[in-house]
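Participant: Spelled out, the chains give:
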Amino acid sequence: MTIDLTQFHDAFFEESFEALDSMEAALLKLDIGAPDSELINTIFRVAHSIKGGSATFGFADIASFTHSLETLLDELRSGGMQVTLSISDLLLKSVDVMRAMLRSVQAKQPLDAQRVSDLQFDLELIIAQKNAAAATTHTVMPAAIAHLAASSAPASCAAAAASPPAELASASSAAATGAAAAKSAQRRWEISFRPYRELFARGNDPLRMMRELTELGELDVNVDLSGLPSFAELDPQACYLAWTVGLTGDVSEESIRQVFEWAEGDCDLVVRLLDAPVAVPATVRASEPEPTSAANPVVADAILSASAPPQETKADLAVPAHAAAPALSVVKQDSKADAPLSALGDSGSIRVSVEKIDELMNTVGELVITQAMLSQLGAAMEGPNAEKLRAGLAQLERNTRELQESVMRVRMLPISFVFSRFPRMVRDLAQRLNKQIDLKLTGEQTELDKTVLEKIGDPLVHLVRNSIDHGIESPEVRVAAGKSPAGTVHLDACHRGGNIAVEVSDDGGGLDKDRILAKARARGLVGPTDVLTDDQIHDLIFVPGFSTADKTTDLSGRGVGMDVVRRNVKELGGKIELRSERGRGSRFIITLPLTLAIVDGQSVAVGTETYIIPLISIVESMRLKEASISRLSGRNEVFSFRGDYLPIIRLHELFGVEPRARALHEGLVVIAEGDGRRVGLFVDDLLGQQQVVIKSLEANYGHVEGVSGATILGDGSVALILDVTGIIHAASLRAAA
Amino acid sequence: MSTNATTQEQAGAGSHQVLTFVLGNETYGVDILRVQEIRGWSAVTKIPHAPAHVLGVLNLRGSIVPIVDLRMRFALERAEYTAITVIIVVSVISAAGRRDFGVVVDGVSDVVDVNTAEVKPAPELGSRAATDYIRGLVSVADRMVVLLDIDRLIASDMTSFSGNLAQAETSLAATAA
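Sequences listed follow chains E and B, in order.
To convert, note that position 99 of the first sequence is 99 in our numbering; the numbers rise steadily by one, no gaps.
To convert, note that position 39 of the second sequence is 39 in our numbering; the numbers rise steadily by one, no gaps.
Because the hints were derived from the structure by calculation, they are not lab data.
Bear in mind that the values here come from a model prediction, so they are computed numbers and not experimental data.
One should not assume that every hint holds.
No more than 25 Å apart at the CA atoms, straight line, and that leaves these computed lysine to any residue pairs for SDA-like [to be verified]: (1) E:Lys-450 - B:Pro-48; (2) B:Lys-46 - E:Met-381; (3) E:Lys-130 - E:Gln-82; (4) E:Lys-575 - B:Pro-48; (5) E:Lys-570 - B:Ser-63; (6) E:Lys-575 - B:Ser-63; (7) B:Lys-46 - E:Ser-717; (8) E:Lys-450 - B:Gly-62; (9) B:Lys-46 - E:Ile-648; (10) E:Lys-356 - B:Val-89; (11) E:Lys-570 - B:Asp-151; (12) B:Lys-46 - E:Asp-600; (13) B:Lys-46 - E:Leu-713; (14) E:Lys-356 - B:Glu-37; (15) E:Lys-455 - B:Ser-63; (16) B:Lys-46 - E:Asp-715; (17) B:Lys-46 - E:Ala-605.
So the derived label-pair ranges between C-beta atoms look like this [as the list claims (entries may be wrong)]: (18) E:Ile-589 - B:Glu-77: 44 to 52 Å; (19) B:Ala-75 - E:Ser-640: 47 to 55 Å; (20) E:Pro-544 - B:Ala-52: 34 to 42 Å.
Where is the CB? At the ideal position from N, CA and C, for every residue including glycine.
One chain only, chain E, in its complex shape (with noise of 0.2 Å):
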């Protein structure tokens, strides 16, 4: 008879996230001021298809707090409201709070209902406001929590039976408008009243708005003393207290807040609805289990407590005392009946340790050579079935890559999983910090190792900051220096060879070297008369407990940070470069190796060593004409190619190997290009492209100089990897010795 509807959670979860990634998106670009009506319908339907998708499965805090969150939307969408800045945060934080619920409803695990109560509790409170600036009733939410309260609950609980919760909290504020409800019940109100320091500052003072409290009911007050510094410590003019307030009396929600109302901004207020009001029949009270509403603070949303599914949906509580709520509970235990199952479809994915997986690659890596040599076997094989033998290690040798390919794949994801992060926090850091910033990025498809991903987010959080807070300069500073306001970020990232170089550049202030090197010479780093180039001053950066800020803010400037950022990247194997140039901004670019990534090499002979050039670092080879060959100042060799003269880089002499071919024109050049800069590799031969699992030579050797790793080939043996911009990196080096 009922239809298991937990076979399409998944698909629910699925969807909602992504619309909630949408609607993120949009509020992003929400134009405060000038609201594109389109986006805001976006970011409507978002809201409503949740809300809808959650009623229907019986999530009914979620399908509660989107309405909540639908009733703001709808006011801005009809013009009833405008969007503000602190109304755009709200639905901001609306779409963590969803997040987190679907999250833990997914999961199946309890939720912060402290955080989705008090967020919804602001969105209801904006709506309020509006609503009581606009009708004769000024008790609009507290009325509504009365109204249903008070209306028998077993009949609400028939109704949310029978139609989905969500219309049952619509009524809520359908009930909202007649107050007549609202008789003269005797409630018990909790508040908590957190100034900020400055409050006293601001005019306020505490003792006031306690003295009006008492004047609304009867009072309970404690003070928490832990934000009390020692004496020596304390501010006289800095309020350290907080208090929390049981009020009880037949007073609006409203009416407390005023209390507050000029301190609003200057404290964490929290005002919530203890009890149902002392005038609900206590049959109501007797069968509803309590244990949750203890645990979950019932609140502001009576619209919950009447409609029980919630409960239901948190701990399985209430199942039995429902006798109205047979279907949900049926539904309810197919799911548990399902749990393991659906716990690991999920999302389809599960997690597994690196490490297994690393094994996993080992394995198909031997695997592979295994099957090269039995291909080997099987070509020199004469027989009657040698021909069936040869189509089965042609079978073997395709599914042996299959296999490969697959594994391979596992570890590879694309940066944009950390990317994603940035538009939102640079979002909140540039109102924090009055500045106008563009973030721009770019190559967000490049893959990179799972590893090295998850490694990378933090170091470039810090530089984002970094950027943000000390690089890009306040509008009126731009302004002033020719600049357009706005400030740009931008990050980027791409395969460069054999390496990711992930860059974060803005078109900020810069680096100042004259008070990098001033600060390096009073701590003594650096000797009263030495001279540092370009890099080396940058470089102090990059020195523990270095900071040239004045003031160290919450975000930077406690010199805590460049280093630690440095040492990250240097345990993923990579390197950070800084260049900077005053008054024009700042370029960090991060190189980092693919500890475990296939790239497509064209392998090549010096001597009896073989080599792989990664195919993307290759313009082309060819043999060079003793005629294109010339020779400056006796010593560099170059050659024509295409109008330019390239520079040749004997790959036997560099990595000092003994050559079959010494003259030019008797070995092939293979011009590649690293670092912007083009050069001819000279080697003896090539010997054919394939891909090749790059392999660490760190783990158990070191970094080598113009080698971004080691693979294995097909016999077993080992071949290095070359890395151009190493080897141009290294030529020019010698060249200048």
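Following the hints, position chain B against chain E.
Facilitator: Leaving out everything else, chain B in the frame of chain E:
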């Protein structure tokens, strides 16, 4: 025999097992718990700019392992690499974590129990660095076995591995200091 599984970390207590191998006329020993495997010689891939005694790298079941020629490390006369030349793969534990190394030796002799109390300290000869990697000397069946401290032996090489062409960092560190 009963406590032979204990490691050298529990110094001073009981005995531990040591794998002995021959290098020229000498017999050396390493803690058996550090030995990963013993394998025959196969051609290595050279690493550019490596110290002379680091012959190159080998594929050891999917990981790339550097091979050190102990004869060259100890400045002994070089020997030909033949089919019976043996590589002992040992793991070295350093601040950077565990690393695997292969050492080329003339031949593997035996696994012996060494009574920790019988280990004599190495005599101080000339520079300390030369004997730094010797854990001690012990006499087994009338032969002197030099017990090697693999960690120290390789650790001294580690620094030379990473110090390649680019010395920019060290120079900066020098400036900063």
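Participant: Are any of the numbered hints broken by this structure? If so, which, sorted upward?
Facilitator: Hints 1, 2 are the ones this structure does not satisfy, whereas the remaining hints hold.
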